[in-house]
Amino acid sequence: MNKAIEVKSVSKSFGAYQALKSVSFGIGNNEFFTMLGPSGCGKTTLLRMLAGFESPDSGSILLNGEEVVAIPPHKRRVNTVFQSYALFPHMTLEQNVAYGLENLGWEQARIKSRVGEMLERVHMGAMARRKPAQLSGGQRQRIALARALAPEPEVLLLDEPLSALDLKLRQAMRDELRTLQRDTGITFVFVTHDQEEALDMSDRIAVLGGGEVQQIGTPAEIYEEPVNRFVADFVGETNFLDVEVLETAGGQATIRTPFGVALTVPATGHAAKGRATLSVRPEKINLGDQAQGVVFEGRITNKNYMGGYTHYTLDVAGTELRASRRNASREGDTIPLGATVPVGFVAGSARVLAA
Amino acid sequence: MSDTALHATAGTDRAPRPRFWHDLSFWGLLPSRLLMGFALILPIFIIAAVSLATRGAHGGFAWDFNLAGYRQILFNEGWTGELEFTPQYLLIITRTFALAGATTLICLVFAVPVAYFISRQPPGRKAVLVYLVTLPFWVSMILRVYAWMIILGKDGTLPRLLETLGFPAGMSFMFNDGATLTAMVYTAMPLMVLPVFASIEKLDGTLIEASHDLYGNRWVTLRRVILPLTAPGIVAGAILVFVPALGAVLEPTLMGGGKQMMMGSLIQLQFGGGRNWPFGAAIAMALMALVMIFLIFTALRAARREALP
Numbered sequence: 088m089n090k091a092i093e094v095k096s097v098s099k100s101f102g103a104y105q106a107l108k109s110v111s112f113g114i115g116n117n118e119f120f121t122m123l124g125p126s127g128c129g130k131t132t133l134l135r136m137l138a139g140f141e142s143p144d145s146g147s148i149l150l151n152g153e154e155v156v157a158i159p160p161h162k163r164r165v166n167t168v169f170q171s172y173a174l175f176p177h178m179t180l181e182q183n184v185a186y187g188l189e190n191l192g193w194e195q196a197r198i199k200s201r202v203g204e205m206l207e208r209v210h211m212g213a214m215a216r217r218k219p220a221q222l223s224g225g226q227r228q229r230i231a232l233a234r235a236l237a238p239e240p241e242v243l244l245l246d247e248p249l250s251a252l253d254l255k256l257r258q259a260m261r262d263e264l265r266t267l268q269r270d271t272g273i274t275f276v277f278v279t280h281d282q283e284e285a286l287d288m289s290d291r292i293a294v295l296g297g298g299e300v301q302q303i304g305t306p307a308e309i310y311e312e313p314v315n316r317f318v319a320d321f322v323g324e325t326n327f328l329d330v331e332v333l334e335t336a337g338g339q340a341t342i343r344t345p346f347g348v349a350l351t352v353p354a355t356g357h358a359a360k361g362r363a364t365l366s367v368r369p370e371k372i373n374l375g376d377q378a379q380g381v382v383f384e385g386r387i388t389n390k391n392y393m394g395g396y397t398h399y400t401l402d403v404a405g406t407e408l409r410a411s412r413r414n415a416s417r418e419g420d421t422i423p424l425g426a427t428v429p430v431g432f433v434a435g436s437a438r439v440l441a442a
Numbered sequence: 274m275s276d277t278a279l280h281a282t283a284g285t286d287r288a289p290r291p292r293f294w295h296d297l298s299f300w301g302l303l304p305s306r307l308l309m310g311f312a313l314i315l316p317i318f319i320i321a322a323v324s325l326a327t328r329g330a331h332g333g334f335a336w337d338f339n340l341a342g343y344r345q346i347l348f349n350e351g352w353t354g355e356l357e358f359t360p361q362y363l364l365i366i367t368r369t370f371a372l373a374g375a376t377t378l379i380c381l382v383f384a385v386p387v388a389y390f391i392s393r394q395p396p397g398r399k400a401v402l403v404y405l406v407t408l409p410f411w412v413s414m415i416l417r418v419y420a421w422m423i424i425l426g427k428d429g430t431l432p433r434l435l436e437t438l439g440f441p442a443g444m445s446f447m448f449n450d451g452a453t454l455t456a457m458v459y460t461a462m463p464l465m466v467l468p469v470f471a472s473i474e475k476l477d478g479t480l481i482e483a484s485h486d487l488y489g490n491r492w493v494t495l496r497r498v499i500l501p502l503t504a505p506g507i508v509a510g511a512i513l514v515f516v517p518a519l520g521a522v523l524e525p526t527l528m529g530g531g532k533q534m535m536m537g538s539l540i541q542l543q544f545g546g547g548r549n550w551p552f553g554a555a556i557a558m559a560l561m562a563l564v565m566i567f568l569i570f571t572a573l574r575a576a577r578r579e580a581l582p
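Protein chains in written order, with our numbering: chain A, 88 to 442; chain B, 274 to 582.
Any given hint could be a false lead.
Said to hold, decoys possible - Have a look at the derived ranges for each label pair, beta carbon to beta carbon:
#1 A:G337 <-> B:N490: 54 to 62 angstroms
#2 B:E474 <-> A:D287: 34 to 42 angstroms
#3 B:T407 <-> A:L149: 44 to 52 angstroms
#4 B:L573 <-> A:S200: 54 to 62 angstroms
#5 A:S200 <-> B:E474: 33 to 41 angstroms
#6 A:R164 <-> B:L573: 42 to 50 angstroms
#7 A:A251 <-> B:A400: 52 to 60 angstroms
Said to hold, decoys possible - Which residues of chain B face chain A? A partial, calculated answer using Cβ under 8 angstroms:
#8 D477
#9 T479
#10 L480
#11 A483
#12 D486
#13 L487
#14 G489
#15 N490
#16 W492
#17 I499
#18 P501
#19 L502
#20 Q533
Hints were generated in silico from the structure; no laboratory data involved. Predicted, not measured: the structure shown is a model, and the values here were computed from it. Yeah, the Cβ is synthetic: ideal placement off N, Cα and C, and Gly gets one too.
Build out the structure end to end from the sequences listed, making use of the hints.
Set out below in structure tokens:
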């Protein structure tokens with residue numbers, strides 16, 4: 088794979104606080120790559136290093152094979168969409184978009200046509216002469232995108248660009264961003280703490296936590312095959328059960344669950360005997376007549392009707408489990424509170440993780 | 274209910290308009306109104322009146338309408354009453370504007386980096402540095418100017434230092450426009466640093482990063498992002514420095530030796546030793562008019578800058 092970016096053993100401390108602990112990964116050309124993690128996980132620090140606003144204490148960063156740690160931001164063919172958009176308030180939208188092109192020394196005529204093209208692309212052509220203060224949040228967002236994409240950077244960095252938008256707009260912008268990425272073929276590096284955003288848009292996701300890369304993979308790999316408790320917990324909802332691994336063989340583990348059932352489940356990340364954690368996603372747990380796979384009994388102790396689906400909290404021999412069930416018909420939400428129902432999940436949909 | 278009925282009730286129910294002395298803000302603003310009236314507006318009218326009066330034979334003035342004060346700024350009246358153009362006072366006015374302008378420019382060049390540096394410090398140190406900038410205000414201005422006389426004068430700190438470095442002994446840097454300018458820059462500097470600091474402090478740091486990100490080097494970033502966005506602070510600082518500098522008296526008198534006069538010292542001379550109150554008042558009015566023109570010009574420019582296309 089042709090690597091747009093290579094991060095090699097990058098470490099960074101701010102005083103006594105270690106923001107990044109020898110982080111390494113590669114980002115392919117034309118990839119929509121997301122760095123996902125809670126605040127303080129080091130994702131923004133990494134992004135700022137790619138832009139050139141921070142430099143690592145040790146390690147190296149390669150951009151298309153070229154070492155860039157010593158290269159200042161204005162000489163890197165990388166552009167950023169800032170979280171606060173950072174549009175120049177004293178310039179019109181046109182001037183904002185033209186700014187990078189002027190600094191690159193493009194000819195006036197070429198700048199003019201490129202600015203027009205970019206404004207059209209983000210549907211802001213009619214507002215070219217306005218100033219940022221006259222725009223709504225979503226419009227500012229689009230101008231920030233147009234400004235960062237206009238100079239045809241090798242990599243576009245996006246620092247939580249959707250976090251300031253309202254829900255509806257955010258959904259629309261996700262699609263728009265994805266389309267822009269496909270159309271332009273530019274490598275996007277996207278930073279977010281919103282796992283849904285990450286799963287929706289990315290080709291690959293790096294889950295960061297505690298200054299380290301926890302897992303890198305496609306959205307489905309991250310969601311369905313988390314390698315540790317942190318990833319399973321941070322990405323999506325899940326049930327953690329304290330289990331005992333009795334036997335492991337060929338990526339499978341035979342375990343004993345707290346409510347007595349023994350089963351064999353995938354355990355790619357973890358294969359040691361003894362105490363471990365079993366992760367089962369709520370939507371993988373089926374209730375009532377839908378229960379299949381490993382089936383046991385549980386009592387409904389709480390339910391939250393969400394319209395499209397219902398969240399149930401179950402008591403299974405003293406262990407709390409959460410299950411969610413799609414309300415597939417008008418009569419979908421039929422299991423009453425307090426009822427004891429069959430509960431089941433397919434062994435292959437659960438995962439054993441290190442305790 | 275019909276429209277007419279509505280109007281009728283509105284007419285009869287309306288409470289009587291409160292008299293202005295029932296309004297608390299009238300009493301709250303009264304002291305400053307009195308102060309402004311008696312200490313600022315009234316004296317301006319008195320000076321305006323004096324500028325139009327006739328010079329008294331032994332100082333003072335007589336209430337006879339006379340434009341001689343204004344005429345004297347540009348023309349000298351000969352024994353026979355003919356008017357002769359004299360550039361003498363025009364030179365002083367020019368020097369005044371040149372020195373005040375130079376003071377403003379030098380202050381600006383020094384203040385921008387200082388203000389930028391302070392704005393980059395952690396909050397605690399920032400407060401200390403801002404305090405240090407204002408520290409000279411705690412010492413009387415005349416003492417601060419005298420301090421410069423001790424530094425620059427004959428046998429002063431600087432000449433002695435230069436002497437030990439092998440320069441000729443007995444050099445003096447006093448009694449010229451350079452000395453006046455030095456003291457003016459020194460006394461005005463905090464007035465420039467503070468407003469410039471306030472506007473740089475307000476400047477969003479990500480805009481500077483955005484400029485670097487979009488291939489702008491330091492110079493481009495300063496010229497196209499930092500300066501335009503801190504312009505209000507720079508204009509405020511320039512006004513705070515330039516306007517008082519036009520009326521400087523102490524610096525040209527003490528540092529310039531009194532021979533290189535500025536408008537302020539010229540006015541003082543007319544009310545003192547020159548015993549020509551109408552002429553002094555006329556120069557004062559002329560100075561005020563020039564300042565007003567400068568301020569109106571700046572205000573109009575600022576208004577145009579604010580206006581959105």
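**OP:** Please name the hints from earlier in the document that this structure breaks, with their numbers sorted from lowest to highest.
**Re:** 4, 7, 16, 17 and 20
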